[in-house]
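Asker: Sequence lines, in order, name chains A and B. Under the working numbering, think of the first position of the first sequence as 1, with each following residue one higher. Under the working numbering, think of the first position of the second sequence as 1001, with each following residue one higher.
Be careful, since some hints might not be right.
[Stated by the list, open to error] Label pairs and their in silico Cβ distance ranges:
#, chain 1, residue 1, chain 2, residue 2, range
1, B, ALA1017, A, PRO18, 46 to 52 Å
2, B, ARG1077, A, GLN2, 27 to 33 Å
3, A, SER67, B, GLY1016, 32 to 38 Å
4, B, LYS1056, A, SER17, 17 to 23 Å
5, A, GLN2, B, GLU1057, 22 to 28 Å
Rather than coming from a laboratory, the hints here were simulated on the basis of the structure. From the three backbone atoms N, C-alpha and C, an ideal C-beta is built for every residue, glycine too.
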Amino acid sequence: SQTIHQWPATLVQPVGSPLSLECTVEGTSNPNLYWYRQAAGRGLQLLFYSVGIGQISSEVPQNLSASRPQDRQFILSSKKLLLSDSGFYLCARPGAGGYTFGSGTRLTVV
Amino acid sequence: QKEVEQNSGPLSVPEGAIASLNCTYSDRGSQSFFWYRQYSGKSPELIMSIYSNGDKEDGRFTAQLNKASQYVSLLIRDSQPSDSATYLCAVNRNTGFQKLVFGTGTRLLVSP
């Protein structure tokens, strides 16, 4: 199984509050993992990727951070959310012929 | 110039017609190309991948790649209302590590 689990499915948070989104995967050990964000009217933007435990690469300077505490766990965090952090957050892993995405978390910052 | 460009649409076609979706990319060294379908409120799902010039067919779907023109297209034959979705084009920049770059997507509407 190459299943990707994401939670929560939806989240409404006030500006300035912290954030923690979790992604866990089944199947192959030590997969490459990715966090993407899809904002309204924009394409999928790569935020972070990880090739292994403790290894994080950031693609875009922003108000977010990522961590890989375990082989199959990838966490997206923020200490203080901004309105511009609203969007659809997707965790992904390489699969047969392309990426497989989790079901996503829709974050609304109010 | 965006790395991957798509017309946002909507592209409206009647049921049974052929829908043609287009995508251009800027990185001439790109090696892998993908089409994803995304229903409203859902995550993208992979429908086609193509790696070499020419056509690749899978059921009602045909992907076409022209690297010289930096152009990828997706044809959907016998379009169905259930095909109504946003179609995302993605390109692997092939920097030694797989990182897909996505277009903003084309919204397809198939009317019964």
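Asker: Are the hints correct? Go through all of them and say.
Answerer: Now the hints, each set against the structure:
1. Hint check: ALA1017 (chain B) to PRO18 (chain A), Cβ distance near 49 Å, so the stated range 46 to 52 Å holds.
2. A C-beta distance of roughly 29 Å is found between ARG1077 (chain B) and GLN2 (chain A), which places it inside the suggested range of 27 to 33 Å.
3. Roughly 50 Å separates the CB atoms of SER67 (chain A) and GLY1016 (chain B), a value that falls outside the hinted 32 to 38 Å.
4. Our hint of 17 to 23 Å for LYS1056 (chain B) and SER17 (chain A) is violated, since their Cβ atoms are close to 46 Å apart.
5. Range check, GLN2 (chain A) to GLU1057 (chain B): Cβ separation about 25 Å, and the 22 to 28 Å hint holds.
When the structure is compared with the earlier hints, violations turn up for hints 3, 4 and for no others.
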